[in-house]
Amino acid sequence: MHRHLDRKLSLILPAVLVALVAASCGGSSTPAPASSAPSPSAAAAPSTAPSPSAAAPASSEPSPSAAATTLKVAIVAPSAVNDLAFTQSMVEAVNKLKGKFNLEIAVSDNQFVVATAANVIQTYATQGFNLIIAHGSQYGSTIQQLAPKFPNVSFAWGTAGSTFDLPNVFAYQVNSNEGGYVQGAMAAMLSKSKVLGVIGPIAVGDAKLYVDGFCAGAKSVASSISCIPVYTGSFSDVSLMAAAATTFVANKADVLSGTAQAVVGAIGIAKTNNLPWFGTQWTQVSLAPSNVVSSQVYDWSPIVDEILTDIKGGKLGGTTFTATLGNDGAVIQFNAGFNLPAEVKAKADSLIKGITDGSVSVPK
Amino acid sequence: MNQFFTLDVLTVTVASGIALATPFLLAALGETIGQRSGVINLGVDGIMLLAAFATYYTALRTENLLLAILAGAATGTLMGVVTALVSVTLKAEQGISGIGVYLFGLGFSALLFQKLVGTPLPIATLPPVGIPFLEGIPVIGGMFFRQSLLVYLAFLLVPVVTFVLNRTTYGLKIRAVGENPAAADSLGVSVERIRWSTLIIGSTFSGLAGASLLMYGGIFQVNLTQAEGFIAVALVYFGAWRPVGVMAGALLYGLVGVVILTWKSLGIIPLNASDLAATAPAVITVLALLFLARRFRQPAALGRPYEREG
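Sequence lines, in order, name chains P and B. Residue numbers for the first sequence follow my numbering, beginning at 1 and rising by one. Residue numbers for the second sequence follow my numbering, beginning at 365 and rising by one.
Chain P on its own, in the form it takes in the complex:
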């Protein structure tokens, strides 16, 4: 009897365990949080998050009321809402517009599995959301497949430059090379060894643009400077980023920079070795208050503002937006806690002005 009971339990317990944990995996669907990170950010969003658990068939699509006073916006993103990088930049941008557009916001973060994300996006589409932001270039094919099934729902995806010629798809991208160029020039001026360390995840998208811009900016100041990027091959491997930073330090690099949510590992190495760090995507001052010189912060709010205005006007897609230093879609935030020499700050200001007015051309 006892053995029989054991046998039953042995079958049931693992199944229950798997079921329980599966429910807690694969990201969370939450109301957009109020960030404790510094600006740019605005209102907290105590919103009503739907539970994207069961996808309804496309035919059951409700008609979202674009003209209604409340706009429902969903964000689906690959990393955590508090990643101090890519995902947080979008969540903060939408939060910033909450009051202006009377937004009801839902966020599903950690959707690194595209197939799961597709299910979540479809569920949001069936639940009457006006705008679904698929924040990651990996979601492109999902949007391309789903958007025609939900013609009354507006989709936005990025960073990318294609709307697939679909009338209900917006695309957005960022000229991250511009901020990279400015920060690379500053890094070259701060470096004594004339060896810079810049770390990326995979040589694609805004990460590659930033890294290329960073080295171009550095070489514009000191043509012989060493600026060889290292791509770790992973967006999320913290220890590999830390190891890459360590190898740079060993190779005499005295200023570091990097992009992707895993840079937290590299920032730790910069902090340990008391080296200047340049961030991108979001402000990283909280991670190393004495080491972060500046961060290129993506402020998607002007773009999301335009998208929401279009939706309210009945236009559901068809436009590609680009965030730049010129349109405040990307902003260089200086860290007051870092003692930046006046001539370096002046150079940065001059480059920002030049890029904005077109007198400085940044290679892509």
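Honestly, the hints are just simulated from the structure, not real lab data. Treat the hints with care, since some could be wrong.
[Stated by the list, open to error] Under the rule of at most 30 angstroms between Cα atoms (straight-line distance), these lysine-lysine pairs were calculated in the DSBU-like manner:
id, chain 1, residue 1, chain 2, residue 2
1, P, K312, P, K194
2, P, K312, P, K149
3, P, K271, B, K479
4, B, K479, P, K100
5, B, K479, P, K98
[Stated by the list, open to error] Okay, the calculated bits of chain B under chain P, using three or more residues with CB under 8 angstroms as the criterion:
id, segment
6, 426–432
7, 481–492
8, 619–631
All of these numbers come straight from a predicted model, not from anything done at the bench. By construction, the Cβ of each residue, glycine as well, lies at the ideal position given by its N, Cα and C atoms.
Following the hints, put chain B in place on chain P, whose structure we already have.
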């Protein structure tokens, strides 16, 4: 390539490789003990994640690194109890229950991180400790004898585990239970008790592995391990269930990873081959596994729950 063969670069490369190999070594040593007793634990990665979070959270709240590491180890111990209960006492299929533990660790550590921490903050990491006299040896001193305490602990555990497995009565019982549990049982060895103990010890090692991984970067992130626990399980096969072999595998994996990064940073590996090169540690380990593992036999009762006849 000449830049690579300078003393400074070689020293830091080897030292970093050893540090990077440490979590693999700890987790794989723990898994070796369990597998020698016939239990395969695929939940290592989940245990490492939970332990890494426990270490991080304790360090964040108390700023006491020793306490934080103990919290990580204790989390491993606790998960060892859970794993033993499911795999040994309830005789569940070990592969499935291990995956369950992994998924639990992955999801629950992410949940705790989101609810208890929110915006991530870095913690202090374990400083390198120089071993008197030895750290002064040219080249070798910088490579091997200026590491953190967890690195020393991991490598000290290799001879300890070897000794315990091969030279003690307890080790003999572990091997007997892993090879022929029925025979061991007939001689009065409690198969259940031995397997419980190996799983608890092994999971505690996994907890230390999570703590050492956390201490390397100084910050927690969702899915911090990036499947390192599964690589550790593979390294047990690579090392043919022998602690020294497991250490060789962990060092190979860590060193190749760091050499690749160093070559990238020196421009030796061109940018267009960067992503391909990133796969090198895994490819080399798998190739070595193919050539080496077939020469050794796994514990005969590995993966089989034991039920006394009659």
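Okay, the hints, checked on the actual structure:
1. P:K312 with P:K194: 52 angstroms, violated
2. P:K312 with P:K149: 21 angstroms, holds
3. P:K271 with B:K479: Between K271 (chain P) and K479 (chain B) the Cα gap is close to 26 angstroms, so the pair holds against 30 angstroms.
4. B:K479 with P:K100: Holds - the C-alpha atoms of K100 (chain P) and K479 (chain B) are around 29 angstroms apart, at most 30 angstroms.
5. B:K479 with P:K98: 23 angstroms, holds
6. 426–432: With 0 residues closer than 8 angstroms to chain P, the segment 426–432 of chain B misses the three-residue bar; violated.
7. 481–492: With 6 residues close enough to chain P, the hint holds.
8. 619–631: holds (count 8)
The structure shown violates the earlier hints numbered 1, 6.
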